[in-house]
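Participant: As they're listed, the protein sequences go chains A and B. Per the working numbering, residue 1 is the first one in the first sequence, and the count goes up by one each step. Per the working numbering, residue 1 is the first one in the second sequence, and the count goes up by one each step.
What the hints contain is simulated information worked out from the structure, not anything from laboratory work. It is possible that part of the hints are untrue.
What the hints assert, rightly or not - Label pairs and their computed distance ranges (CB to CB): (1) Lys-329/B <-> Lys-427/A: 37 to 47 Å; (2) Glu-17/A <-> Glu-393/B: 18 to 28 Å; (3) Pro-260/B <-> Ile-15/A: 51 to 61 Å.
Unchecked claim - To spell it out: a stretch of chain B is covered by chain A in this simulated footprint if at least three of its residues, at any positions, have a beta carbon under 8 Å from a beta carbon of chain A; those stretches are: (4) 4-12; (5) 90-97; (6) 182-195; (7) 216-226; (8) 389-399.
Said to hold, decoys possible - Okay, derived cross-link-like pairs now, DSBU-like style, lysine-lysine, Cα gap no bigger than 35 Å in a straight line: (9) Lys-120/A <-> Lys-91/B; (10) Lys-29/B <-> Lys-114/A; (11) Lys-29/B <-> Lys-160/B; (12) Lys-97/B <-> Lys-329/A.
For glycine and all other residues, C-beta sits at the position ideal for the given N, C-alpha and C.
One-letter residues, chain by chain:
2 protein chains.
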Amino acid sequence: MKRYINPEKEEWTRILERPVINMNELTGKVQAILREIQAEGETAVRRYTQLFDGICLGKIAVSQEEIEEAARQVDADLREAIEKAGQNIRKFHEMQKPEVRQLETTPGVTCWQKPVPIEKVGLYIPGGSAPLFSTVLMLGIPAKIAGCSEIILCTPPDKKGKVDPAILFAAKATGITKLFKLGGVQAIGAMAYGAGVVPKVEKIFGPGNQYVMAAKQLVSIRDVAIDMPAGPSEVAVMADGSANPAFVASDLLSQAEHGPDSQVVLVTDTAELVDQVENELSRQLELLSRKNIAARALEHSVSIVFDNEQDMIGLINAYAPEHLIIAMKNYPEVAGKIVNAGSVFLGNYTPESAGDYASGTNHTLPTNGWARSFSGVNLDSFLKKITFQEISEEGIRNLGPVIRTMAAAEQLDAHEKAVSIRLKTLKKR
Amino acid sequence: MKRYINPEKEEWTRILERPVINMNELTGKVQAILREIQAEGETAVRRYTQLFDGICLGKIAVSQEEIEEAARQVDADLREAIEKAGQNIRKFHEMQKPEVRQLETTPGVTCWQKPVPIEKVGLYIPGGSAPLFSTVLMLGIPAKIAGCSEIILCTPPDKKGKVDPAILFAAKATGITKLFKLGGVQAIGAMAYGAGVVPKVEKIFGPGNQYVMAAKQLVSIRDVAIDMPAGPSEVAVMADGSANPAFVASDLLSQAEHGPDSQVVLVTDTAELVDQVENELSRQLELLSRKNIAARALEHSVSIVFDNEQDMIGLINAYAPEHLIIAMKNYPEVAGKIVNAGSVFLGNYTPESAGDYASGTNHTLPTNGWARSFSGVNLDSFLKKITFQEISEEGIRNLGPVIRTMAAAEQLDAHEKAVSIRLKTLKKR
């Protein structure tokens, strides 16, 4: 870990610089594939599945039998864990249900907001070395609670045309029944434009590699909404003398094992803690199966020692980490001052992995500084709020003159006349 | 108006086709300007203000004296109207304040969401023929209620370097004090990257021409969030025999006068109403100062007659209009079935202009079909929701095994170990 002691505020941005993701090269390639999918639909999707995933698919849709069979292949332990985590995620996202509130802003003028589910949503679950079945829960459960009428899921097949059983089981446990064996740009294109059996959706959710990210970004310009911009995963730990160095190291490693570009930051007011954490990092790193990946991420990790709490908080808010662990004695107070973060973990017994899997909060979170303006995925992500207004005869009498004056001043005649014609009709009565 | 009688469902998409906005040509130009602004800051911003707005600015910031003077220039009538509209908008957006709800998902595992204002937001108010001071209220009031700590506003200067007094007065009434005389791509670039006196913001709001739209889209890829994608304004009116044809025509014209590319749609179950509305359109059109603009918009407007209510609702939900007026006897029932729309106006005495100015609802709404996945601007647009979790020793004992099983199955060792190291420590006690 690179170590900084009391860096000046002007240096913070440089110290915490994230890797620049240059997508310009990718963009052309990805755009070309998307155009073919838009023009040719399923034919193009199949062609690219053969090219990139090395499999000539029979049916793109996962069959009911495959889902049933997968459920039997998953260990009872894991089935139970997925169900328990699902319960917590369900409870937490159900709590987020917005109420419909109604208000008479002026006598006779009633306004309200009504949350309505986005009708069709598409969830993308990456394949690769580890099957991210936990993301199925994180995206599928709020989609179900929101009441989206069509929820589809795309995930890449292996070379035999199979999907990981845990992903299928998690989908089944979540109540998602429309699954497709599609990965990468093909999956994003199919969901954005529709392709044969794959319906077009209104919003696409989920993580992915840089090709998937570029494809999501491109389709979001004109065709379909997306959950949020993406970037490498991050954790920042704020720790004081009350923190347990072994725990802190274990949390930093949890982040580091995600990928060599993972961002790992330790901020403390206790210089000795940095040494202790570094010792623990060396010790614990050796025990990890993904130790090479984690070691590479640690190479560009940083620790920052301040002599005061205010700077610790200031730096974290400037950085806007995806995950923030506060292992400090007065964590409730510090937490109250955090304004930029995706998800926050409080105290010594709240590791990030709790939120990654099972506490109930969502693990699809804003990275790359987007926590300054974006929330993580939550129930709202699957809803839109439609406003309604109902104006009585009394209401338009009360409000009409205000509207007329403003419309006239904006030189919008017809806007003014839409009110005056109504007021005249009322006068005649 | 082009008229369709009972069109087949397969034809709906074609009938309601929106103009394709081809931004490819613009994009290159806009991108080049943005790059210069990012590299040179204020120098480039001033250069383009001279080039596009024809004014060599002294100070970019609007001075306190200019704001005070503007307030004196605005008629008392208009001042009062702006204040009354502001009160309604304030009440409606204050009602939207989310509560913090907390939940123990598992004994010892407590989770909550905390709404936190986006710190720095930028509002863009177009200039041009009519000063859109109403948009100052629609964006500024929720930003204030959310508690954004820095709210800046950019609007183009006229040839004398002045800003419209009504815009300045609306800003003053809203409590916005940082205003800049910048329009177009220069304004968006300055807010996205920061430029001299103009601070970088985290989210940009507001309407604009196609250059502004392209600039917002480009900066949103990497640098700053934006409110929503944009497109030409739209209204759909659903009307039955109980509708007043003169009112309906006045509402269609309100939309048509916005611009020649405005989308105007009438859906009814009463064929005679279409004739009556068309007669009224001809009559009322003659009285408008912007009649040429409105006439061009009406050229590509459509009316659709169905013999049943179900198809009327189906077509509207497929179209997803920005504004929807329901002038039908059973409007509460019909409104309950609307799932895709920006803002809905109920009954004969609720013209769109009420929501454009003063009912309290927001007029910054999703166009171009984005109402399928986006809400209009509302209090949420200025907030992000940070999740928090606090796990006690009991909590990690309860939840730990679930996390460990899932992390192991996803082959994320360090995630598993971050839990097991804590469980071991607890056992030793």
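Participant: Against this structure, judge whether each hint is valid.
Facilitator: Status of each hint after checking the structure:
{"no.": "1", "hint": "Lys-329/B <-> Lys-427/A: 37 to 47 Å", "in the structure": "violated, 24 Å"}
{"no.": "2", "hint": "Glu-17/A <-> Glu-393/B: 18 to 28 Å", "in the structure": "violated, 38 Å"}
{"no.": "3", "hint": "Pro-260/B <-> Ile-15/A: 51 to 61 Å", "in the structure": "holds, 52 Å"}
{"no.": "4", "hint": "4-12", "in the structure": "violated (count 0)"}
{"no.": "5", "hint": "90-97", "in the structure": "holds (count 4)"}
{"no.": "6", "hint": "182-195", "in the structure": "violated (count 0)"}
{"no.": "7", "hint": "216-226", "in the structure": "holds (count 5)"}
{"no.": "8", "hint": "389-399", "in the structure": "holds (count 8)"}
{"no.": "9", "hint": "Lys-120/A <-> Lys-91/B", "in the structure": "holds, 33 Å"}
{"no.": "10", "hint": "Lys-29/B <-> Lys-114/A", "in the structure": "violated, 40 Å"}
{"no.": "11", "hint": "Lys-29/B <-> Lys-160/B", "in the structure": "holds, 26 Å"}
{"no.": "12", "hint": "Lys-97/B <-> Lys-329/A", "in the structure": "holds, 31 Å"}
The structure fails to meet hints 1, 2, 4, 6 and 10 from the earlier list, while all remaining hints are met.
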